[in-house]
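Protein chains in written order, with numbering that gives the first Met the number 0: chain C, 0 to 432; chain Y, 0 to 914.
Hints may be right or wrong, so weigh each one.
Dumping the calculated BS3-like pairs for lysine-lysine here, alpha-carbon to alpha-carbon at most 30 Å [to be verified]:
| # | chain 1 | residue 1 | chain 2 | residue 2 |
| --- | --- | --- | --- | --- |
| 1 | C | K287 | C | K96 |
| 2 | Y | K361 | Y | K438 |
| 3 | Y | K29 | Y | K534 |
| 4 | C | K317 | C | K432 |
| 5 | Y | K361 | C | K96 |
| 6 | C | K345 | Y | K144 |
| 7 | Y | K29 | Y | K66 |
| 8 | Y | K450 | Y | K856 |
| 9 | Y | K365 | C | K422 |
| 10 | C | K202 | C | K287 |
| 11 | C | K259 | C | K432 |
| 12 | C | K239 | C | K345 |
| 13 | C | K427 | Y | K450 |
| 14 | Y | K72 | C | K202 |
| 15 | Y | K438 | C | K202 |
| 16 | Y | K144 | C | K317 |
| 17 | C | K287 | C | K414 |
| 18 | Y | K572 | C | K432 |
| 19 | Y | K297 | Y | K29 |
| 20 | C | K414 | C | K427 |
| 21 | Y | K29 | Y | K418 |
| 22 | Y | K450 | Y | K438 |
| 23 | C | K427 | C | K257 |
| 24 | C | K96 | C | K283 |
| 25 | C | K202 | Y | K361 |
| 26 | Y | K361 | Y | K590 |
| 27 | Y | K361 | Y | K72 |
| 28 | Y | K361 | C | K414 |
| 29 | Y | K297 | Y | K534 |
| 30 | Y | K450 | C | K317 |
| 31 | C | K202 | Y | K421 |
| 32 | C | K414 | C | K154 |
| 33 | C | K202 | C | K96 |
| 34 | C | K427 | C | K96 |
| 35 | C | K202 | Y | K418 |
| 36 | C | K202 | Y | K29 |
| 37 | C | K432 | C | K422 |
These are computed hints drawn from the structure, not numbers from a lab.
All values reported here derive from a predicted model rather than from experimental measurement.
So the chains spell out like this:
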Amino acid sequence: MGWEQMLKPLTADIRADRAALPLAAYEAAGGYQGLRTAISQTPFQVQQAVTASGLRGRGGAGFPTGMKWSFVPMGAPGGSTADTGGHRYLVVNADEKEPGTMKDRWLMEGNPHQLLEGALIAAWAVQADIAYIFLRREYTQCAQSLTRAIAEAQKAGYVGERVLGSGWNISIRMHMSAGRYMCGEESGLLNALEGRRATPRNKPPFPQVSGLWGRPTVVNNVETLVNVPHIIREGPEWFKSLSPGSDPGTKIYGVSGKLKRPGLWELPMGTTVRELVDLAGGMKDGLKLRGLLPGGASTDFLSADQMDVKLDFDSVAKAGSRLGTGTMIVLDDATCPVGMVLSLEKFFARESCGFCTPCREGLPWVARILESLEQGTGEQRDLEILEQHVGLLAPGRTFCALAPGAVEPLGSALKLFRDDFEKHVHQKRCPWK
Amino acid sequence: MKTFTPATARAGAIHLTIDGRRYEVDAEGKNLLHVCLSLGLNLPYFCWHPALHSVGACRQCAVKLYKDEADTKGRIIMSCMTAVTDGMRVSVEDPEARMFRGQVTEWLMVNHPHDCPICDEGGECHLQDMVVMTGHAYRRYRFTKRTHRNQDLGPFINHEMNRCIQCYRCIRFYRDYAGGRDLEALGAHDDVYFGRQTDGALENEFSGNLVEVCPTGVFTDKTLQKHYTRKWDLQTAPSICVHCAVGCNTIPGERYGMLRRVRTRYNGEVNGYFLCDRGRYGYEFVNSASRIRQPLAKNGDVQHAIAGPEAAARAAAAVSSAPAVGIGSPRASLETNFALRTLVGPANFYLGVSDLHASNLKLMAKILKEGPAPVASIRQARQSDAVLVLGEDVWNTAPILALTLRQASSNAPAAAAMKQKKLNAWDDAAVREAIRHEKGPFFIASVEETKLDEVARECYRMAPSDIAALGFAAAHEIDPSSPAPAGVSEDLQQAARRIGAALKAAERPLVVSGAGLGAPEVIQAAANVARALKKAGRDALISLVFPEANSLGAALLAAGGLDAASRAMAARKGQALVVAEADVYRGVAAKSARDLLSSATHVICIDHTRHATADAAEIVLPSCTYAESSGSMISSEGRAQRFFSVMPPVEPAKSAWRWLDEIAVAAGKKPSAWQDMDEVIRAMTAELPELIGVGNAAPGANYRLGGSRVPRKSIRESGRTAATANISLHEPPPAKDPDSPLAYTMEGASIGAPASLNARFWSPGWNSDQSLSKFQAEVSGQLIGGDPGVRLFEPPAQDTGTYFAATGANGPVADGTLILVPRYHVFGSEELSSLAPGIASRTGAASLALSQSECEKRGLHAGGTARVTVDGAEPLELAVVVTHMPEGIASVALGMPGMPVLPVPGRAIVTGAGK
């Protein structure tokens, strides 16, 4: 493997035309070697390798993947499915709904077998016998490429009964979700997968203990899982060497906004905001960067003077925001920040599942106030109400993380762009219109 | 009313500090909200419900939790989702927590229509109480409100979705708790809608509880709306439901002489927080046009109104010349049955049901008294970890027991999951999720499918004799000394083995059966299973379903059934027949009933509601329903309970026992009249010492609270001095009530009265039924001072009884006839509730149910008509219903309108119509 590939293990094999990589080509590039290695090891060894690699979940929360797997009750050390009886599940969270985020789509369309292999290794590591791919309905291209890949993998003996001559059976099932943002939250996803309302569940119990239909279940993001075959094949140390910092591996970063060349890049974890903005060709002519949401819509704004923040989980947290999905949305100086936040809050208000009061009633109120500001009918007291909601919808006060995430851009915008909010009230209009 | 007294140190108790005050509580595993409410603290909440537990949706019960003594900042937590731990330090009054709770209320009121003045929930609205409690007074939201369209949900429930605060209690009760399917949460974000997919009557038989479960006015009582009265103007009294034998405690409400509604009266041992729809909505029979309001006497064939004293004198003359035969009633009070028994003599007192049913009642009463096992209260049934239901369609014959068994069915898997997954019992969603596909040891053997089947691990469709054989075989599996049945198939034996093993492995197994099938061998088989479990050292309980509100009480007094009465009438010509609150046409087939009535020199019928027997009677005397009289009844549990008149009787109507006593005195059969009900009870318990507990079911008429009677009216009642001003400007004195310590006034205090006298749950700041926690020793525990009622029978601790002989499996017969068995429906099978318009509209038609293959043999089809011929009854034509049931059997829905009484269980020839 060349240096270029070492840096981009997740995307190096994706063709320029982004057509799905067929099984033969995937195998030729070393595909399914990770699965062979994994099955030759005990599930516990596989878990240990992933834990040792330091891989953290790429869905947004950054939870250590190996640790997540280790919470599955496995019975005797070394793994056996006979601990409690009944199914165990591995669920691929492919319900990519975070605004500004399209990284999983790229991975699934271009290299579906890489995801299947990751899912199979994860399933082996927790001794699951059924894997679900919970896919966003709009991702029809992904559905096609994955469906074809599953059939190929079944034919090749990677999926099905007695995989690769082992005693292990695994089936992979596609589920096209009806789709709500809430399904991106793992317990909401599980409820939806059971055919119920996509409302979150209280934790504990965590899905690893009581997940799908009450059975042990691991839910992993697409990007998380596609790292796994490479870790098993190349080893934890290799994975750590991919990034210069303490947060290992590569990351699919995205940049959207009024830049010259918005897009997606696979880069070492810890790439700075500035490097990424440069890769995107910088701001369009005549525009200045005013701020950015580093990891999708539900993260705090970073300001224009935080360009050197490293985009890894800990560094972004230290800078006052979250890495999230690692796909940033850039605000320029010709766009109204109130309007931008309005557009986000309308989204979150609509996507609230309606289960808990603060989120269900608070977010629409926030959105209506922002709308009123934009229409020039805002009042000074509205800003107080907005500020109050930032605190009222804090973690622990709502049932799940949706509303706390939703008020992250609002709270940071109220600090960073306070003048803009005030102008909307005092000028009784949106100054950008 | 609750007053907190600091507890002394107890083993197993933990301590926690709330707002600087130290409490010691037995609260292991409980949630903080439960504990706070149990301590009498005021903490607002919506989505939590004492029977439905916690889901953490509304966020209203937020409090501050501190890490330790040094923590000054603390963090906001939801008390309903937080387990109490030893040494915990929390604050309810913390300003930040208070502010957050106020904000939650403000959010909940964002879309609320503020239509309190015209809302049917007004006066008992939990939302109103919580708005006041949290101090939310001024709205800041200045945008448009979301609005919804409402649905027609049938005769029982109004729907006003705009008032909804999305607490999710309704669907959690309706779907999770009661098993309903047709009420759902629809939509999302701030547009969640709780309703059906299309308009239509809610199907579930417990739908009426939505009225009480809903914390605001989304689901309200549609029958109350028809004759609406403000809640504080309702005159109430503690009552007992008369529509089945569970004995649910109720609060009927009256205004201007009309019964307006029925609400649940919490009784921790009996119905807890709920009622079935028959019990809640059956009350309208009290207001029905079928009521008998005047004494009537026949002149030739026509009944004419006569004066009360004249009617009583004629009745006395009729019974004075010769011994009379009395027909008592399983729906009449003990006092009425005893008065009739006193009038005619114990040997001449019969029950208005067939001999077979009367002997089944006696058999069940014997099992209650002598064992093998104690009878389960509903609370105990809720705790059982393995259940066998033999032959009884509990859902339709004892609905609240069925609702309880539905919850109990998950006890065993829930206990295992909670242990394995470290779940809290109150974490409702997590527990339900963890046991989603698991079924506990719950077995049902019945002729037809039942609505409890969905929670059962195994269901068996069998003929009655096979059901009995299954029970006997299971008993034999548990204890080999229990007689084994003959002729048992290998399948049945295997099933018995599984049932026996599962029951034996349980700690608190419960065997349920009853009089429903009319098959004594099924009851005996149930007793044998319980006995075998007791002999195997298990704390087994039994639950036998009696058919009517006072079937057990009446059976304890009666010498036999209607067939025996007919024989007694035939054996000695020239006797009069006195029928008290019974319709003999509901007890035996029409021909037998006619023969019985025509064999009497005089027929005297005392009842409050017209029926065929009253129509045929020479003398009819108007008695009182439960709403206008007081009395005692004995439930299936053997619990003696007292009901009190909600309103005074309208003369000349009076309690049936008063008519009977007046006749007895006038006829010279009794030296003097009883002055009040306590005197009747004293006479009864003197004669029947086993009923001694009846006297303690509630305080007697002499009881006074602070020197006063307990008022039936609320202190907020309006218009007292104006209510009858259209008749006279002088306010009349309150009606006298010699039979109870209650008064038809608003003077005096009800708070502090024993639970058996309390029909008003109210506490400052708590105007809704949620005030209950102020009256309970602990949330969902006993009412302070003890749950009402007295259990009359406990079998000897050391079982000395012997097994019943086993009857064999017979299966269907080969002579081409079908075994005809009774079928029951919550709506329609019970006499009085069927007169309520709402219940009547939910009642199906008379029908014959049988299997597809039996239909095919006879050229019948679903929806077609079958001709049914049974011995001793006219052939009749019935609509055909096809169900899953074994071959050789058919069932008829007894008691339904248009359905004559047939001798069931029995045999029938079933052919196509016109053959």
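Exercise for the section: For the pair supplied as a hint, K427/C and K450/Y, confirm whether the alpha-carbon distance does not exceed 30 Å. Expected result: violated, 63 Å
Problem - 30 Å Cα cutoff - pair K72/Y, K202/C - result: holds, 24 Å
Handout entry: Proposed proximity, K856/Y with K450/Y (alpha carbon, max 30 Å)
Key = holds, 28 Å
Practice task
Take a quick look at whether K317/C and K432/C sit within 30 Å of each other, Cα to Cα.
Solution key: Violated. K317/C to K432/C sits at ~35 Å, over the 30 Å cutoff.
Problem - Agreement of K239/C and K345/C with the hint, judged by alpha carbon distance not exceeding 30 Å - result: violated, 40 Å
Exercise for the section: For the pair we were handed, K144/Y and K317/C, check the Cα-Cα distance against 30 Å. Expected result: violated, 41 Å
Exercise for the section: Measure nothing beyond the straight line between the CA atoms of K572/Y and K432/C; if it is 30 Å or shorter, mark the hint as holding. Expected result: Since the Cα atoms of K572/Y and K432/C sit roughly 105 Å apart, the hinted pair is violated (cutoff 30 Å).
Problem - Straight-line alpha-carbon gap K432/C to K422/C, limit 30 Å - result: holds, 12 Å
Exercise for the section: Would you check the hint for K361/Y and K96/C, treating anything up to 30 Å between C-alpha atoms as holding? Expected result: violated, 68 Å
Problem - Agreement of K29/Y and K66/Y with the hint, judged by alpha carbon distance not exceeding 30 Å - result: With Cα atoms ~19 Å apart, K29/Y and K66/Y stay inside 30 Å; holds.
Exercise for the section: Would you check the hint for K287/C and K414/C, treating anything up to 30 Å between C-alpha atoms as holding? Expected result: Given that 30 Å is the threshold and the Cα spacing comes to 19 Å, the pair holds.
Problem - Satisfaction of hint between K96/C and K427/C, Cα-Cα up to 30 Å - result: violated, 34 Å
When the structure is compared with the earlier hints, violations turn up for hints 2, 3, 4, 5, 9, 10, 12, 13, 16, 18, 19, 25, 27, 28, 29, 30, 32 and 34 and for no others.
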